[in-house]
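Listed in order, the protein sequences are those of chains B and P.
Under my numbering, think of the first position of the first sequence as 1, with each following residue one higher.
Under my numbering, think of the first position of the second sequence as 1001, with each following residue one higher.
Certain hints may be false.
[Said to hold, decoys possible] Each computed EDC-like pair below joins lysine to aspartate or glutamate, with the alpha-carbon atoms no more than 20 Å apart:
no., chain 1, residue 1, chain 2, residue 2
1, B, Lys143, B, Glu95
2, P, Lys1053, B, Glu95
3, P, Lys1240, P, Asp1227
4, P, Lys1054, B, Asp55
5, P, Lys1086, B, Glu126
6, P, Lys1054, B, Glu126
If you are wondering where the hints come from, they were derived from the structure by calculation, not from laboratory data.
The model shown is predicted, which means the values in this text are computed figures rather than measured ones.
Listed below are the residues making up each chain.
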Amino acid sequence: MAKLHISTTINGEPIEFLCDPPQTMLEVLRDQLGLTGSKEGCGSGDCGACSITVDGRLVCSCLMLAAEAEGHRLETIEGMARGDQLHPLQKKFVELAALQCGICTPGFLVASKALLDRNPNPTETEVRYWLAGNLCRCTGYDKIIRAVMEVAADMRETAR
Amino acid sequence: MNNIQYVAPQSIDEAVAAMAAANGTGRVLAGGTDLLIQMRAGVVSPGIIVDVKKIVEMTTIDETSGGYRIGAAVSGAVIGEHARLKKAWPGVVEAINLIGSKQIQGRASAGGNLCNASPAADSVPALVAAGAIVTVQGPKGRRDVPVEKIHAGPGRTTLQPGEIVVSFTLPARPAGSSDAYLRLIPRTEMDIAVVGCGVSLTIQNGTCTAARVGLGAVAPTVLLVEDAAKALAGSRLDDKALEAAAAACRAACKPINDKRGTIAYRTKIAGVLLKRAAGIAAERAGRK
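Okay, chain B solo, but in the shape it has when bound:
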């Protein structure tokens, strides 16, 4: 099977890779590009652990072919912190213990950032519905929701 040559942008950097047609974006991120922050939970788009954004749009990377990345801008959890400087969402998740085992955390962070990027002032209901595609089996959702609400408030304060 002929490999496909794909040129894309991941976390602001131009990236080229070779992939087989049926390979998912998640497989290439993790197994070829070493970007193992995105997790495989279910592999069927139910759990959100593999969440990334493509041209700013939140998607499950397990339900996207790697070949589809051609010409698009991808953002993964690895692009969230600036060097050692954690993103406010990452800091708040730590501060409020909005994680336990951590498997779901990258997906929650990517999804939460995608929400706050388009809606800096979400209601709790909006946060809960937005994050309904991210499953957590140990922390429980309350701490996660609270962390996102607090970050939204902090960021609005900073922006003033």
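Once you have looked at the hints, place chain P on chain B.
Then chain P, alone, in the frame of chain B:
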């Protein structure tokens, strides 16, 4: 999985040619939220995957003399952000936006939801109620088909080999028209409809002058319930008319018993949802 090819043509003609060359082993990739799961499960093993998202006509929404043309591969998220479409066809948009999570909405399309041919597909009853026309292109050219003629049974469509669903056209309609879609699920979010009901209607001077009703998850295909529409049209949507339309919905049901609901429950709920969806559509249409 070993000999799968991937192409992303720029035009529908090229996509149709790729499908024709594949001799029935081609699969269209729009959002991939059904296709990739089926491939992973081994349910389908395409010879060629034809990604249609580089085709402008399939990935854009146009206003057409009062109506709308929605590309079959436009994602739910993009449809939900189209303010004018949402105002004109709130029932269609809410139905499409009920499919899956935000992540799924980022990819899943109305074309995919139709072609997957689940009787419980959320967007389809709303599109049936809306009177959507599906533009299909295949080796023999283009044809326009009413959306309710596409489903043939669970997982089966009337599309001919090599045909691709290109777009949906929602017709222009008079002032005082609106629509609504309701589904029953046991949860508050992200589940498969036990029953889904779309209602589109026009109200002039308090009288319903036109109506269409689509019902999902109560038969092998999504149903256009003409008797329910007849019961609503010409009425003032009074209790008697609503009950007659609900009875028509119940009569149209040929559901199955499964873990989501029994035959008796689904049949009863079909009538309940009809009344509620008609009420919402009427409010949106500006009923005084």
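Comparing the hints with the structure gives:
Pair hint B/Lys143 plus B/Glu95 holds up; C-alpha atoms about 10 Å apart against a cutoff of 20 Å. A C-alpha spacing of about 41 Å is found between P/Lys1053 and B/Glu95, which places the hinted pair above 20 Å, so the restraint is violated. Proximity of P/Lys1240 to P/Asp1227 is assessed by CA-CA distance (about 14 Å); at most 20 Å being required, the pair is judged to hold. Distance check on the hinted pair: P/Lys1054 and B/Asp55 sit about 14 Å apart at the alpha-carbon level, within 20 Å; holds.
Pair hint P/Lys1086 plus B/Glu126 holds up; C-alpha atoms about 19 Å apart against a cutoff of 20 Å. Between P/Lys1054 and B/Glu126 the alpha-carbon distance is near 32 Å, which puts this suggested pair outside the 20 Å criterion.
The structure shown violates the earlier hints numbered 2 and 6.
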